[in-house]
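Q: Put chains B and C on the given structure of chain A with help from the hints.
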Amino acid sequence: MSMLEITNLNAYYGESHVLHGVDMSVDAGEVVTLIGRNGAGKTTLLKSIIGDIPHRTGSIRFDGTEILGLSPERICKMRVGFVPEDRGIFSTLNVFENLTIGRPNGRDAWPLERIYELFPVLKARSSQKASSLSGGEQQMLAIARPLYMGASFLLLDEPTEGLAPVIVDAIGAVIKQIKQAGLTILLVEQNLPFATELADRHYLLENGHIVREMTNRQVSEEEETLLEHLGV
Amino acid sequence: MAGAAAPAEQISVSYRPGIKPMAYYITLLFNGLVTGGFLAMMSLGMSIIFGMMRVVNFMHGSMFMLGAVVVFVFGSYFGLSLWFGFFVAAILVGLLGVILERTLIKRLYGLDLAYILILTFGLSLIVEDIVRMFFGVTSAPFLVPDMLKGAVNLGFAFYPKYRLFVVVVSVVLCAGTWFALERTRLGALIRAASERPNLLKCFGGNVPLLISGTFFFASALAGLAGALAAPIRNVSPFMGEEMINFVFAVVVAGGMGSIAGSVVMGFGSGLVSAIAAIFYAPAATAVIYILMLVVLVVRPGGIFRGIDISHFALHYTPISERARRLFMSPPAALVALAAGLVLPWLVYPVLATDILLWGLFAVGFDLLFAFGGLLSFGQAAYWGTSAYVTGILMVWVGVPMPLAVIGGVFASTLAGTLFGFIVARKKGIYFSMITFAFASVVYFIVNEFADYTGGEDGLHGVIRTPLFGIDLRNDHVFYYACLIAVGLTIALVLRLLKSPYGMALLGARENERRMMSIGYNVYGLRVKAYALSCFICSIAGALYALNHQFVTLETVAWRASGDPIMMTLLGGAGTIFGPFLGGGIVLLMRNTLSSITDSGSLFIGLLFVAIVMLFRRGILGEIVHHWIDRRSATGLGPNHDTSQPEKAPMKVAGIGGIADA
Amino acid sequence: MLDQVQKTDKASAAVAHPLLELRSVTISFGGFIAVNNVSLVLEQKPVYGIIGPNGAGKTTLFNVLSGFIRARKGELLFRGETISHLSSEQVARRGIVRSFQITSIFPHMTVTDNVVLSLERRKHGGTRTFVRANWSDDHSAEAHDLLDQVGIPPSLRSEPANDLPYGRKRALELAISLAARPQVLLLDEPTAGMTVPDVNRTTELISRLSKDRTIIVVEHNLGVIANVADEIVVLQQGSVLTRGAYDDVRKDVRVIEAYLGKRQ
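Protein chains in written order, with this note's numbering: chain A, 173 to 404; chain B, 11 to 671; chain C, 377 to 640.
The hints are simulated quantities; they were obtained by calculation from the structure and are not laboratory data. All C-beta atoms in this analysis are idealised placements derived from N, C-alpha and C, irrespective of residue type, glycine included. It cannot be assumed that every hint is accurate.
Unchecked claim - Derived DEER-like restraints, expressed as beta-carbon distance ranges:
{"#": "1", "chain 1": "A", "residue 1": "S298", "chain 2": "B", "residue 2": "V178", "range": "50 to 60 Å"}
{"#": "2", "chain 1": "B", "residue 1": "T113", "chain 2": "A", "residue 2": "E289", "range": "28 to 38 Å"}
{"#": "3", "chain 1": "A", "residue 1": "K249", "chain 2": "B", "residue 2": "V182", "range": "34 to 44 Å"}
{"#": "4", "chain 1": "B", "residue 1": "I494", "chain 2": "C", "residue 2": "Y542", "range": "46 to 56 Å"}
{"#": "5", "chain 1": "A", "residue 1": "K249", "chain 2": "B", "residue 2": "T113", "range": "39 to 49 Å"}
{"#": "6", "chain 1": "A", "residue 1": "K249", "chain 2": "C", "residue 2": "K627", "range": "32 to 42 Å"}
{"#": "7", "chain 1": "B", "residue 1": "G408", "chain 2": "C", "residue 2": "S516", "range": "49 to 59 Å"}
{"#": "8", "chain 1": "A", "residue 1": "A336", "chain 2": "C", "residue 2": "Y542", "range": "47 to 57 Å"}
{"#": "9", "chain 1": "A", "residue 1": "S298", "chain 2": "C", "residue 2": "A621", "range": "21 to 31 Å"}
{"#": "10", "chain 1": "A", "residue 1": "K249", "chain 2": "B", "residue 2": "S339", "range": "52 to 62 Å"}
What the hints assert, rightly or not - A few chain C residues that face chain B, going by a derived Cβ cut-off under 8 Å, partial list only:
{"#": "11", "residue": "F408"}
{"#": "12", "residue": "N413"}
{"#": "13", "residue": "S415"}
{"#": "14", "residue": "L493"}
{"#": "15", "residue": "R497"}
Stated by the list, open to error - DSBU-like mimics (lysine-lysine), calculated; alpha carbons at most 35 Å apart, straight line:
{"#": "16", "chain 1": "B", "residue 1": "K436", "chain 2": "B", "residue 2": "K116"}
{"#": "17", "chain 1": "A", "residue 1": "K295", "chain 2": "A", "residue 2": "K351"}
{"#": "18", "chain 1": "B", "residue 1": "K116", "chain 2": "A", "residue 2": "K301"}
{"#": "19", "chain 1": "C", "residue 1": "K499", "chain 2": "C", "residue 2": "K627"}
{"#": "20", "chain 1": "A", "residue 1": "K249", "chain 2": "B", "residue 2": "K508"}
{"#": "21", "chain 1": "C", "residue 1": "K449", "chain 2": "A", "residue 2": "K301"}
{"#": "22", "chain 1": "C", "residue 1": "K627", "chain 2": "B", "residue 2": "K508"}
{"#": "23", "chain 1": "C", "residue 1": "K421", "chain 2": "B", "residue 2": "K436"}
{"#": "24", "chain 1": "B", "residue 1": "K436", "chain 2": "A", "residue 2": "K301"}
{"#": "25", "chain 1": "C", "residue 1": "K449", "chain 2": "C", "residue 2": "K587"}
{"#": "26", "chain 1": "C", "residue 1": "K499", "chain 2": "B", "residue 2": "K508"}
{"#": "27", "chain 1": "C", "residue 1": "K627", "chain 2": "B", "residue 2": "K436"}
{"#": "28", "chain 1": "C", "residue 1": "K421", "chain 2": "C", "residue 2": "K499"}
{"#": "29", "chain 1": "C", "residue 1": "K421", "chain 2": "C", "residue 2": "K449"}
{"#": "30", "chain 1": "A", "residue 1": "K348", "chain 2": "C", "residue 2": "K449"}
{"#": "31", "chain 1": "C", "residue 1": "K545", "chain 2": "B", "residue 2": "K116"}
{"#": "32", "chain 1": "A", "residue 1": "K301", "chain 2": "A", "residue 2": "K351"}
{"#": "33", "chain 1": "C", "residue 1": "K449", "chain 2": "B", "residue 2": "K436"}
Chain A with its partners taken away, still in its complex shape (with noise of 0.2 Å):
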């Protein structure tokens, strides 16, 4: 059974209709990648699961639990970790509130000494302002959130985002490592061979619609037409 199972989603950010029918399933320790230009609904969906859209119809369900009229504080006591796009960071605490700002939540809590051996960042610079971090700091820190709550399931909303190559390829080291610790992932994401190193399965997302289903293989050999869709 899919970890995740969504079935005819539909989305509304006030008068506009975002999100038209969306069908997509996440399986167990998996990555899955949406791929899509801007404005396509790719964040839109991640925070139609995470239940940040009030705004919804269709289903969603986790572990088989209907979560789609749940509030956010529900599902992610189900485990459910949200990485967002502008990396969440809550400017007025220091790192180590931020990092803390969820309580742990069952055995799969990662331990402090844990985090800080895969962001040694995070440790030296525990007291400073978030908001002084840089963005690749930043994005560590809003990855490592999530694992110190357990969470089971990662929302990734484009990580790589305005970040230097280098800073990328870290980044990338760190998801691999979350995926072999047994993590499911869905992750956001328009650098497309990032997106294939890491994940399984990619959904290709246009205009709120699901258009297609790729293999890493598909996505390599059609990236001429993938960047037309990506609008590059």
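A: Same frame as chain A, now just chains B and C:
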């Protein structure tokens, strides 16, 4: 009755003849710290609530008053000790805060900030009027427990133990609050919820609980401050009003939402006020406002970096364009004129004139509010100034009546225009609070120059004289003279609103950025609107002085700034004639209800709450909305998107989304 | 007639000075550098396209060009004259008019009034107070002409602007900008969120409008850029990565990397 010189009053208390001058001054400074302690505790709570929910809580002053009353009641009727009283006051007032948040304020999250300001303003009227039914002005020095009685030798002077205790408690509470907010996990959660409530939910944070908890704490702090003040200040239903004035000034100057800003400015204001009192005792009050105005000119965001609220513009769209055009059409004016002609035969003429003039005053307010998108909480400054200048010119200078009216209107409009250059840069809730503080300064000045204004006794002898052979001493005749003046002013307003300038003003309210991007000087538009509003309020004020043939302090008091807001909202903002209808209802109610409660403000407060919670478009606005807008909406073509849910009349764009908290 | 005078003026000015010039402009928010020491010369061309990944500084660049953010470090020149110190409304009056990423109209006014407001500002300054009641009739011919140009049918023109469908709102926004008769028109993602027919209509419109002025477009949809832009400026992390014709830029390895990440 507002803005009384609380710090000054307190300073005189501890003066004892025979003490050496140096010690006397130091004693004064300590008294400044006591005042500062109250201000800091109050501003801190106000700031935390604002930071978390973007709520400007007018009730905060009433919480202070209730704290004092609770302690007094428990102490004098039940004989409980002050220690226990502190505890009970904090808990009860804190609970009241939570109940109000859960039942009323919560429903307005996501709507314009002004609604909550108006709601809490109404609530404070209700609370104060209820207390007034049972309670007069008392003092309660007997509440001081034995161990805090007497004075302590500070080395240079003897100082009352209890006052020292107040200073220590306020410092400890402020420091403790700061510590809890900055150094504990709970504090981190509160800061996170203030910053991005919806994001915190995605990490499992219970945002509604945090909000209620914050409301409890801030209210309890206000209650405790009131309880602490009970033994050394007059316990009265009015002490909250006095306090909220200062707290507004402190919070704005310190930086809205900044914890450090409110504490530092709280204690700082207390000290500055004490120092000012050394040179000129009555300046103790004014200096706090002057400090605020200086800070705003020099450093507009406040001394400390608070939350940037300048972009929280007012999004008040009470009625549709279609409805607005209807009200601005000739038939509407004819109906209004007919009503105006028969009014003095329905109610006695002085009251009829009052309705007319308060209505015009409210139109002046509404020009800024519904058309300019600016909620002024201080238009009484111009209504009152104009009335006083007119009166003073007639009584003390002997200027003939018509010239005195022109002089009054001119002086008041000039003052308003000059202030407009400062205040038109401010938007949203900032604008409201600064205009409120400015009106407090005017109140202070009028009260201070009692030799000319008559102070609390009022200015008598503003006698109407015949004009062009018409005997204005006859109340009916005077009514019709006023009707002509008001009619001409309304004609001017209609003309303005229909002109390109009026359209530009509406455009600036609707979409400021867009206006700037097509080359409009939005600031200039707002200065002009402010000046025009002052002009209209001034005309009404000068005639009001003539109507009653004397001028009272009431015309510059803060309630006089609140009345046009309510009249406008009640009648229907943006409907031109709604404010007159609202004014009529309010005045008639006050007339009949004042026999039931002291001032009728209980009912006025209830009306405020009802408007904000139930019919935000006002009477005329709702009627038109139901009969005209609905009907035509169904008759629209396929392009009209009927699938979207009806929007709340006043939605905020760009506020950190606590809306669905 | 007036148009012609303006055009010859433009032509002569263009000889001496570039249309727009940024001289080492840096903009930072807190510690984040959104625009990093950018120097850029834009000539009198029909359409410039500005592209780049999210966070490259495109919108910030627009804010600088339109005076919504003042360039404290560096200088901004319009036809050789510095305009860095001007406020946004002053910049707009010089003829640099922008649109916004999120539709920016006057929602409660009628569609026609939205345009009239802009026309009145250009022709009479926008603060006239004592004019005859039917003053807006003077503008109606031009307003309707502009609305024709952007393709809003007459049947919709007396509705509140808020009731327009999304694509029409964006068209209206364009009409408001055009009413200000810009010499430079800055369009921030004009086709974002549009349906395909709307995108096509907008693309055509941009080409048509660029005959009389320079249009600078920030756009994610490279199809649109390919169709309309004469030159493309690629931004990455606050700097100009490269510039040139679409086909050259498209093949540039650095551009592909900026968008798609480095090949491992």
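Q: The structure should be examined with respect to each hint, and the outcome stated for every one.
A: Consistency of the hints with the structure:
no., hint, verdict
1, S298/A with V178/B: 50 to 60 Å, "34 Å, violated"
2, T113/B with E289/A: 28 to 38 Å, "50 Å, violated"
3, K249/A with V182/B: 34 to 44 Å, "37 Å, holds"
4, I494/B with Y542/C: 46 to 56 Å, "50 Å, holds"
5, K249/A with T113/B: 39 to 49 Å, "28 Å, violated"
6, K249/A with K627/C: 32 to 42 Å, "50 Å, violated"
7, G408/B with S516/C: 49 to 59 Å, "56 Å, holds"
8, A336/A with Y542/C: 47 to 57 Å, "36 Å, violated"
9, S298/A with A621/C: 21 to 31 Å, "50 Å, violated"
10, K249/A with S339/B: 52 to 62 Å, "58 Å, holds"
11, F408, "17 Å, violated"
12, N413, "26 Å, violated"
13, S415, "25 Å, violated"
14, L493, "5 Å, holds"
15, R497, "5 Å, holds"
16, K436/B with K116/B, "26 Å, holds"
17, K295/A with K351/A, "22 Å, holds"
18, K116/B with K301/A, "31 Å, holds"
19, K499/C with K627/C, "46 Å, violated"
20, K249/A with K508/B, "57 Å, violated"
21, K449/C with K301/A, "27 Å, holds"
22, K627/C with K508/B, "56 Å, violated"
23, K421/C with K436/B, "40 Å, violated"
24, K436/B with K301/A, "30 Å, holds"
25, K449/C with K587/C, "34 Å, holds"
26, K499/C with K508/B, "18 Å, holds"
27, K627/C with K436/B, "50 Å, violated"
28, K421/C with K499/C, "26 Å, holds"
29, K421/C with K449/C, "27 Å, holds"
30, K348/A with K449/C, "42 Å, violated"
31, K545/C with K116/B, "33 Å, holds"
32, K301/A with K351/A, "29 Å, holds"
33, K449/C with K436/B, "27 Å, holds"
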